[in-house]
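> If you read the sequences in order, they're chains V and Y. Residues 10 to 261, numbered by this note's numbering, are exactly what the first sequence covers, in order. Residues 2 to 250, numbered by this note's numbering, are exactly what the second sequence covers, in order.
The set of hints was computed from the structure by calculation and includes no laboratory data. Just so you know, not all the hints are guaranteed correct.
A few chain Y residues facing chain V, derived, Cβ under 8 Å [said to hold, decoys possible]:
no., residue
1, Thr74
2, Pro103
3, Gln144
4, Ala148
5, Ser152
6, Gly158
Which chain V residues stay away from chain Y? Per the calculated CB distances, all over 10 Å, these [unchecked claim]:
no., residue
7, Leu126
8, Arg158
9, Arg214
10, Asp220
For every residue, glycine included, the Cβ atom is placed at its ideal position computed from N, Cα and C.
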Amino acid sequence: MNSFPDLLRVEGLCKSFTSNGTTKKVLTDVSFRLGYYDSIAVVGPSGCGKSTLLLIAAGLLRPSAGYVRFEKDICREPNNKVAVVLQEYGLFPWKTVQENIILGARMQHIRIGDDVLRDVKHELGIEGLDYLYPHQLSGGQRQRVALARALLLQPKLLMLDEPFAALDNITRERLQNHLLTLFTHHRFSFLLITHNIEEAVFLGRHILIMDPQSAGIKTIIENQNAGAEAFRESPQYFDQVKRVRRSLQAKS
Amino acid sequence: MKKVTTAMTYVLTFLVVIAAWQIASLIIGEMILPGPLPTLSRLLQVIGHAAFWEHMRASVWRIIAGLALAFITAVPLGLMLGSSPRLDRMFTPLIYLSYPVPKIVFLPVVLLLFGLGDTSKIILITLIIFFQLIITTRDSARQVSTAMIYSFRSLGGNRWHFFRHIIWPVSLPGIFTSLRIGIGIAVAVLFFVESIGTRRGMGFYIIDAWGRADYPDMFVGIIALSFIGIILYEVFDMLEKRVCRWNQN
Chain V
10 MNSFPDLLRV EGLCKSFTSN GTTKKVLTDV SFRLGYYDSI AVVGPSGCGK STLLLIAAGL
70 LRPSAGYVRF EKDICREPNN KVAVVLQEYG LFPWKTVQEN IILGARMQHI RIGDDVLRDV
130 KHELGIEGLD YLYPHQLSGG QRQRVALARA LLLQPKLLML DEPFAALDNI TRERLQNHLL
190 TLFTHHRFSF LLITHNIEEA VFLGRHILIM DPQSAGIKTI IENQNAGAEA FRESPQYFDQ
250 VKRVRRSLQA KS
Chain Y
2 MKKVTTAMTY VLTFLVVIAA WQIASLIIGE MILPGPLPTL SRLLQVIGHA AFWEHMRASV
62 WRIIAGLALA FITAVPLGLM LGSSPRLDRM FTPLIYLSYP VPKIVFLPVV LLLFGLGDTS
122 KIILITLIIF FQLIITTRDS ARQVSTAMIY SFRSLGGNRW HFFRHIIWPV SLPGIFTSLR
182 IGIGIAVAVL FFVESIGTRR GMGFYIIDAW GRADYPDMFV GIIALSFIGI ILYEVFDMLE
242 KRVCRWNQN
């Protein structure tokens, strides 16, 4: 996992929430690294702290202990080289597709040329939707728009929280392929949160398996073949799926 | 097509009201409740007079100024309270204590402070609309979900951006609803304040006609005042459809 210098380093992360006098541990001692042009998928059942991990890694939430380092800097605030795509509410319902796409770039004073904008829309197949509102789009279109918005920020790291969970199987596979194309084309790293084993194996070069009991990492499975569309059809892919499933089911 | 149906509904409603009015007039007697025919023919007469429009102008100005003043004071404060739990905790007791107080009873105080002119009338309308507007604005601004805040912050926006791109649009539908409800209240307050210490405005017109026992004229005033309410209501409705285009399902 250390074949690249670290882009993201998560070290000894703990997070607990206190409500009504009881403290609930959501994350305990989570550490991992992610290199440049690399990908990691975080799998685990619902409620195992995956999303909290993403929020902390993105600088949106403070850890109770431990730290997150992005390149040289400790993350305490969102970093403009990290883009985040959330499962829902990622798009603002009162903004048109066009307004949603350029909002981040606009707020960060990143100048976006018309040609860049056109290319990204073309790449994601969302041309001609500019003046529609999110509620007028299909689920797949919405996630494409969210991806376009993230890409326009030219991130070094893309974080995705269950990005394709609400989509039907065909659309999901298409978008997974799409993410891979973007990954090779735009050369960013990504961290993907998912509860879908197949998705994790297809997309993550490292698969981090979370343990709901300990709220920590159960194991990290190396999966260097991920990242090519053809991988989905190969026997190794099915073997890896089996491995990840067994690992998820194993008692800690 | 939709415009046509709206207009049709208005015409139909108008006809029903006229019919009910005629029947009521027959039952109660033309003396107290003049029928639609004498009233409308009187209306056609007076709208030719400059004096009528002078009263209209005075009323419309007071109501618009009152609403505008309430808007520019209550909305920013409401947005601030709604987006800052700390400020909200500080000011909520004050607002909740003062909200149920019937502000209209402060009319004498307002008159003493601001005189008999337009200012006191506008201020009383503002005072009453202010409280309901600040509460609905605050509650609307609170609807911003944590997920939305995360999404926004990950895009690198600052506090000003947050108001401009999140809090303001989220609150707009609530603000418009509050304004539309506010129109009814504002018209009622207007009638009340114009019945005291003024010789201009539709409130005065109605009270004056009543004093002269000129019931058709009184109803002309009532119709005119209602008309102001309807027009303002429709204007806000149109504005909302324009500004909150995303909110139409």
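> Against this structure, judge whether each hint is valid.
Now for the hints, and whether the structure bears them out:
no.: 1; hint: Thr74; in the structure: violated (24 Å)
no.: 2; hint: Pro103; in the structure: violated (36 Å)
no.: 3; hint: Gln144; in the structure: violated (11 Å)
no.: 4; hint: Ala148; in the structure: holds (4 Å)
no.: 5; hint: Ser152; in the structure: holds (5 Å)
no.: 6; hint: Gly158; in the structure: holds (4 Å)
no.: 7; hint: Leu126; in the structure: holds (16 Å)
no.: 8; hint: Arg158; in the structure: violated (8 Å)
no.: 9; hint: Arg214; in the structure: holds (23 Å)
no.: 10; hint: Asp220; in the structure: holds (25 Å)
Violated hints, in rising order: 1, 2, 3, 8; the structure is consistent with all others.
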